[in-house]
Amino acid sequence: MKYLFYLHIFLLSVLILASCNKDASPPPEEIYKPTPYEINIPQGFPDLYIAEDNPLTIEGVQLGRMLYYDSILDIDNSRACASCHFQEESFSLSHVNSLAHVNLGWNGVYLWNGKIEGTLEDIMLFEVEEFLQTDLSKLNSHPTYPGLFKKAFNVDIISSKEAAYALAQFERTMISGNSKWDRYLRGEVSLTQAEAQGFEVFFTEKGDCFHCHGTILFTDNLFHNNGLDDIPEEGRALITGNPKDIGKFKSPTLRNIMLTAPYMHDGRYETIEEVIDFYSEGVKGSSTVDPLMKKVGQGGVHLNQQDKNNLIAFLNMLTDTSFINNSELSNPFFK
Amino acid sequence: MRLTNLLLITLFASVLVISSCKKETEKQDAQLYFVFSHRVGSENLESDTLKYTNAAANKYSVSTLKYFISSISMTKSDGSNYVFDVAHYVDAFDPTTTTFILPNLAPAGEYESLSFIFGLNEDLNISGAFPNQPESNMEWPLPMGGGYHYMKLEGKFDSTNSVKNYQAHFGRLMESPHFFEITLPNISLNVDGLAITFNIKMDINKWWETPNTLDLNNMSGIMGNETVQQQLEQNGTNVFSYMIEKPD
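Just so you know, the sequences run in chain order E and C. Reading the first sequence from the start, the letters are residues 103 to 437 in our numbering. Reading the second sequence from the start, the letters are residues 727 to 974 in our numbering.
None of these hints come from the bench; they were simulated from the model. It is possible that some hints are incorrect.
Calculated pairs, DSSO-like style, for lysine-lysine (alpha carbon to alpha carbon, straight line, at most 27 angstroms) [said to hold, decoys possible]:
hint: 1; chain 1: C; residue 1: 972; chain 2: C; residue 2: 777
hint: 2; chain 1: C; residue 1: 927; chain 2: C; residue 2: 972
hint: 3; chain 1: C; residue 1: 932; chain 2: E; residue 2: 397
hint: 4; chain 1: E; residue 1: 397; chain 2: C; residue 2: 972
Note that this is a predicted model, so its numbers are computed, not measured.
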């Protein structure tokens, strides 16, 4: 009996010890390993800057896409990024004249007056914190988002940084490089006569569009006063405080330009025809008008109607239907 | 004992002499720096200020001055040379571009002259060769032969009571290459370990001056004008002066 008592005590001790051991060893941690996202850069495009601390991952891009289309980021849930950036309008919106979200990964300055300089992470942080004034508690208490942020960024508490970084990842994938112009450069299609002549108007000093809207990106990403007004608005000077920057605004890309009316920083022109008429006959002089504006004294480059029509034929080539129909960029909440 | 001492001294002296000779003959490669600065006549370059006067009596300003140099070559007295097959983009108003460190060391030796190309040589002047901005913004359009602007020099000038724009855009027009070589002759350059800095100075007034007096009234929309391109090419050979900071 005494033997049985000691055996019982021994077994109990072993059990307790085993149980203690089990409690002492930490549970195996889930290893954070997001899936790298392979991005396709169109032929001839510049090197794409990707922030070292924000590599593209499938989880990050997908999360960014959801946030882009979700009004949860807005302080009063009234708008999402996509509310002013419609895919069918090359991620712009006609009645608010928002800048198109296209190939922004190659930008270093953002907004018409360049208020934000830096990377996509910088501009998205501005959008989250200042423009949308995101209430992070809504994200942190959401049934789905905390898990998605955990998978994408390995965070337990979501901050503005992760929200901005996810948006930046998605924005980097919003690449337009498959217009008819791109296919022509790849030798896949030929130009019509009007397109070829429009190409010449665009890329010679006849129309002289290329100096500000050149390169494969169709923007120099610089600031110019293009002579819209004889008394220009402040423009870039509002940011720099330099009077030499009065009237300067960022050159927008002309990729998908036919989808992004109205035109100019203030949306004053409803049609591309009005824009071309302005550059042809309506340019106004001022002390900061860009030296690239030739014949400013005569109002512009004076194209004839045939040149104007050909130029429009060329600009039509810059519409990338595969971009505006890309299902990987569309609203993920619509099935 | 005396003999041993003598032998030791002789041996030591020989080692000293040999090592000293070796030191003299074994020169070291060296780093080369290029520093570009820009003036207008005797005045410092200041952006967008209508205060300079050229040989054609145009009162003018400079808003933009961007250009390429390429293919830096060092030549020895026997005619042999070493070529740095590089291109560098300079924006006169962007200090990050006005100092250029050559990517590899200059081989040790004595050199008589150094030259570089203003613009891009034919191997480099190919559309798409510089895909990234700001260099890509120098593209010379395909219908005009492709490649890149060698230079964009832009600003305003006062022309009979009205301010006008000028754009001295210089490059290869179709089959006419137009790039030119700048040579720093008789420089007696001893490359031996220590860094050497070439201070290259451009006088913008000289673009309009010698041998062709160029009036800014005719300096707009000139990319397709072969005559003006040739005149800029000729004048360009006179725009640079230099000073070398080298070890004694």
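Do the hints match the structure? See the list:
1. 972(C) x 777(C): Since the Cα atoms of residue 972(C) and residue 777(C) sit roughly 35 angstroms apart, the hinted pair is violated (cutoff 27 angstroms).
2. 927(C) x 972(C): Given that 27 angstroms is the threshold and the Cα spacing comes to 17 angstroms, the pair holds.
3. 932(C) x 397(E): holds, 25 angstroms
4. 397(E) x 972(C): Violated, at about 48 angstroms.
Of the numbered hints given earlier, the model fails hints 1, 4; all others are met.
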